[in-house]
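Protein chains: 4
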Amino acid sequence: MEKRKVAVLGATGIVGQMFLKMLEDHPMFDVALLSASADSAGKKYSDAVNWVLEGGIPEYAANMNVADSGALGSGKGFDIAFSALPSEVAETIERKLAHGGRGVFSNAASHRMYPEVPVLIPELNAEHMALVDNQKKKTDGFIVCNSNCTTSGIVMALKPLLKFGVKAVTVYSYQALSGAGHPGVPSLDALGNVIPFIKDEEEKVINETRKMLGTVKGNWVVDAPIDVMATCVRVPVRNGHLETAVVELEKEPSMEDVKKALKGLKGMGGALPTAPVHPLIVREEGNRPQPSLDVMAGTPERARGMAVSVGRLHFYGKRLRFVSLVNNLVRGAAGGAILNAEYAITEKYI
Amino acid sequence: MEKRKVAVLGATGIVGQMFLKMLEDHPMFDVALLSASADSAGKKYSDAVNWVLEGGIPEYAANMNVADSGALGSGKGFDIAFSALPSEVAETIERKLAHGGRGVFSNAASHRMYPEVPVLIPELNAEHMALVDNQKKKTDGFIVCNSNCTTSGIVMALKPLLKFGVKAVTVYSYQALSGAGHPGVPSLDALGNVIPFIKDEEEKVINETRKMLGTVKGNWVVDAPIDVMATCVRVPVRNGHLETAVVELEKEPSMEDVKKALKGLKGMGGALPTAPVHPLIVREEGNRPQPSLDVMAGTPERARGMAVSVGRLHFYGKRLRFVSLVNNLVRGAAGGAILNAEYAITEKYI
Amino acid sequence: MEKRKVAVLGATGIVGQMFLKMLEDHPMFDVALLSASADSAGKKYSDAVNWVLEGGIPEYAANMNVADSGALGSGKGFDIAFSALPSEVAETIERKLAHGGRGVFSNAASHRMYPEVPVLIPELNAEHMALVDNQKKKTDGFIVCNSNCTTSGIVMALKPLLKFGVKAVTVYSYQALSGAGHPGVPSLDALGNVIPFIKDEEEKVINETRKMLGTVKGNWVVDAPIDVMATCVRVPVRNGHLETAVVELEKEPSMEDVKKALKGLKGMGGALPTAPVHPLIVREEGNRPQPSLDVMAGTPERARGMAVSVGRLHFYGKRLRFVSLVNNLVRGAAGGAILNAEYAITEKYI
Amino acid sequence: MEKRKVAVLGATGIVGQMFLKMLEDHPMFDVALLSASADSAGKKYSDAVNWVLEGGIPEYAANMNVADSGALGSGKGFDIAFSALPSEVAETIERKLAHGGRGVFSNAASHRMYPEVPVLIPELNAEHMALVDNQKKKTDGFIVCNSNCTTSGIVMALKPLLKFGVKAVTVYSYQALSGAGHPGVPSLDALGNVIPFIKDEEEKVINETRKMLGTVKGNWVVDAPIDVMATCVRVPVRNGHLETAVVELEKEPSMEDVKKALKGLKGMGGALPTAPVHPLIVREEGNRPQPSLDVMAGTPERARGMAVSVGRLHFYGKRLRFVSLVNNLVRGAAGGAILNAEYAITEKYI
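Residue numbers (this note's numbering), protein chains in the order written: chain A, 585 to 934; chain B, 585 to 934; chain C, 585 to 934; chain D, 585 to 934.
Since the hints were derived computationally from the structure, they do not count as laboratory data. It is possible that part of the hints are untrue.
Where chains are identical, the list cannot tell them apart; a pair therefore holds if satisfied intra-copy or between any two copies.
Claimed, not checked - Quick list of in silico lysine-lysine cross-link-like pairs, BS3-like style, CA-CA up to 30 Å:
1. 751 <-> 835
2. 747 <-> 902
3. 628 <-> 844
4. 783 <-> 628
5. 783 <-> 589
6. 783 <-> 720
7. 722 <-> 627
8. 783 <-> 847
9. 680 <-> 747
10. 844 <-> 783
11. 627 <-> 843
Chain A with its partners taken away, still in its complex shape:
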């Protein structure tokens, strides 16, 4: 298969960096363009970026010139855009690209709540791609969002539980610093401290969860009727959002039923290089998952960080408690968008 030419927008930020890392030697994609803010435009990528990920700048990207995100227009020179743009500029830029015929796979929040845009995790709600069919009636291109990093950790564990009748879920997060980008949280606020507030995050978790678990009806998604409560808290961890949840169920499944359901969440098969064989990993140990041990869960090699780990399953009557862990930069950001693009290609959307 011929590789598709892709652009990485917002390539100097931490999610942009993860895009570049995960796209290195990717069998389906060829990075043709990097963009960032006007300040960085015209520079060599290695001069423009303050690289913070382990392993350093991928060789292929170091000498590429950085384009101005605001001047991409309809997106000449690439078929697919991976967007790590800041929300405040993402909306306009991504829309122009979609109108220009590009497939936009966005990590930005701007379009997530638009009725015609799916918030996609292929293992969960592939049927939401029907919205893209609608989009394509109007424009050549389209926009597909991945969810917020915190939403992805909870929604992947909730999906298999839907059959037990999920009425309400109370979510608390233990979110890593990388979720705030770089420079992000000042070290004096982070070190040895816990900050019980992350701007706009709780609303995102609530709204995205309902949409992602909802049902496509005509031109939009009818939200799942789940009462979601979310409290988002920053902890001094580098990478990996841990989340705890108590779920109110209508039915009374046994613990074995629950585990079977979770383990039964199907992977996308070998066709998608970034898809993990097992998207959900159920840990039986009493003290797992943990960021330092489980943040890179997922096989094969290219899918490291794409599996969500779930543990500490416990019933309080009809309420089920669990703890989940998601790699916020991989499954919760760059990897999620890449998997969405792989899926869209396989399904001939682009």
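Since the structure of chain A is already known, use the hints to place chains B, C and D on it.
Just chains B, C and D, lined up with the frame of chain A:
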């Protein structure tokens, strides 16, 4: 007033250290004896302890000899015992002391669930001291427990909400490393990580909360009929347990009603040196409380760390969310026990 | 004694915050004015500041209005200015104040290398105040600098060693995050990491050490002929710069001689409220000093954080190795400046 | 080539874990036996180990039975032993194995200072393998040590500088927590703190550096005449020892000469799977190396963590300052031993 002679049991551990620090120049107490395990017995305190608190060993304690906790018998030489003993030995030793006529104020978990022993926070459930009257019918001395460090943070915020009809509460903790003592959690497990398990802690939070908010009926406490769910998680913070909770209420108070109720929790007045003027502090800022800023909340000086801070109040329908912060070594351990003893003396129990 | 009216310049930064904390209830000073950048001017202090120190904003300061540092002119309304201004603006503002008759005690680097300005630690080089006599021939006011935070930790340990003939010193630092201010170092760069570079810091340590240990000759200081080498490194510690040094000596003192010399560094006596009784504390334990245990060294209460701790003394032939610890926000910044002002008042410079 | 059967001794510790990780799918080795203390003997490895490395227990090892290290005798069933034994038991066990004909590649300190045992880094002192020829005159097997983790970081940077006449070196370390094993340093001692003492470490750095850079003369090594001073300090970093050094040189090379020398340190070529192409990487950026960015330096994939990074080169007159970073678990421990074994096989020592 003549100072009472007190012993600190388990004086070399981190809670023992905090007892010594808080008892320095205390107007009501005079430290007459320190005890620790047989290994340390006979040593000078400064040789026996691996001191980990800021400021170093209080001068008065450095040269005291350490007695063997297991050989204290009925407790000659002191009236009051502050116990920071490990649970596995606390039960027998504390019981002997109580039979010997001592007032035992214990931070150990061993006696908390005994029907005849109050788990006391004077601002909340002073009436539970009626159990001590019962104890004193049988023995000259008595045992009063303070709650587990995590329980104290949640129960202080719940008490003023009882009048709105608390049906259920889901608690998640972000617990500091000092709660595990020293050596406690290995640094490789703690640094940049979150551990979603603390042995026996969830059960303690559940059971103690119900008991502490319950009602004395004759010789025991009838538990409060509250459905408590707790998930306890360790985070890389030195000191200060942050907790988040969602409370299901029967009534529908306004936010103003809730704040008024919380702020209205009465302090013990100036008679008790370690009692904070305001036991509950309601933070209006969107990102408080935080361990690094609020762990020493409480006035006057001697009551620093004795106030619990509450913030992020929010309604999801009839469910109320809040975040609380308790100094686990002070209000949640040594300071809690000292306040209990101050109260018992003032009320002539000893 | 009547209290002097003082201004705190740059009051919203972390050193400004520490000034406000240390000036609370100060027996010699009355805070009459707070200033910050034009952005903050006109606001209430509590609205302008992002407070990061434990314990919160001192009550006396919370409601004060913030003045514009750039518009202070000659400094009406106060006698003494404590400057925590950023270097890039400090020079002009401080100079105007000195010309206006104010005594300026500055933590900024701008004036430290001017020949007519002393870099003062009263216990070390009080005789450098002779430079102020020179300044006062030209202006009513004057400028006195305290040293860079890292310099203060090393120079206090070196001074008593001068009598053994200090030829060269190799310094390595383990510097706390608070030294970079707030927001300062991004948490992703700091957490679980070490950064072997701090802008301009090594030059400051080298130049200030030579000047501070030098000798006043007429209108300037002749540098001490010591070969200083410094490598400055940031570590994930909140507060407290640890430094290690190897000193080449001309003489061959015994270890007892060395300890005696260090312990012999005289305090300023009880007249200066912020002066510690023992400015240098020699730790005999094999693993001290440590930031978490020793950062607040110093008695009495008001001098907490003003003592430098020294340990791990060892000879390699004629080379002496030691480790020192300085509280970079207290002795190394706000406390240093306050002590300098206390000294200047006592000596009738103002 | 047929794979050699190897044993990993002390397989449950953190270095043992790294051995297992690095030996997974190794082209030259087949793990035939795991041993640990008597407590673990007889258990399945996954039950015996408290695994702390990212990625979890390698599948091949999880179900292996653990043997008792003390009962290995002459080592039936394997040709090569990788030893991560604690020093206190390593000496006897390793010696028996060598007498039994095994090639022992040890990370333990016990034998490093024996005259007949080389402390080997093949890129530096391959000629020290002559000592093994001597050993083999007496026993069928032999012992080869790798250096202490901290020594490896400094000695690799010093070796290329020898031609400029290294007279003395002052070393200061910023050592990671993993160097102390697990449980190792308690989190309360580590978090937000710096501990300026590591037992026996400074002596090791001093003695091993001299030996490793020395010259084989007959049956032993004549130490390099370098005056080594070392101060070893623990910092809250997970993995990666950063070290700073000032080196006194006889000659006066230009900075270009120095860089050329460092970059010129030759790799072992492609024959040794764990050998990095470039054993020393010179960083030109002003703030590198850093643990979080550079700890996995080294190519190809199997040699990740085997390269030492050097930066911040600066001359103070004839003294050269540099900062180096070594992966203490890889190049400084398991990887070092594995590379030594690969070299010994290639050179037909076994």
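*Between copies, within a copy, both or neither: which fits residue 844 and residue 783 at Cα up to 30 Å?*
between (36 Å within a copy, 26 Å between copies)
_30 Å Cα threshold - placement of residue 747 relative to residue 680_ = For residue 680 and residue 747, neither the intra-copy (40 Å) nor the inter-copy (56 Å) Cα distance is at most 30 Å.
*If the cutoff is 30 Å on CA atoms, where do residue 627 and residue 843 land: within, between, both or neither? Let me know, please.*
Cα proximity of residue 627 and residue 843: across copies only (27 Å, versus 51 Å in one copy).
*How do residue 751 and residue 835 come out at 30 Å by Cα distance, when the copy is not named: within, between, both, or neither?*
Result: close both inside a copy and across copies, 10 Å intra and 21 Å inter.
*Could you figure out if residue 628 and residue 844 sit no more than 30 Å apart (CA to CA) within one copy, between two copies, both or neither?*
between (50 Å within a copy, 26 Å between copies)
*Within, between, both or neither: residue 747, residue 902 at alpha-carbon 30 Å*: both (14 Å within a copy, 26 Å between copies)
*Can you give me the call for residue 783 and residue 589, within, between, both or neither, at a CA distance of at most 30 Å?*
neither (35 Å within a copy, 41 Å between copies)
*Pop the pair residue 783 and residue 847 into one bin, within, between, both or neither, using alpha-carbon distances up to 30 Å.*
Cα proximity of residue 783 and residue 847: across copies only (26 Å, versus 33 Å in one copy).
*Tell me, please, which holds for residue 783 and residue 628 at an alpha-carbon limit of 30 Å: within, between, both or neither?*
between (33 Å within a copy, 24 Å between copies)
*Checking residue 722 and residue 627: alpha-carbon separation at most 30 Å within a copy, between copies, both or neither?*
neither (36 Å within a copy, 51 Å between copies)
*State whether the alpha carbon distance between residue 783 and residue 720 is at most 30 Å within one copy, between copies, both, or neither.*
neither (33 Å within a copy, 53 Å between copies)
Hints 5, 6, 7, 9, counting from the list given before, are not met by this structure.
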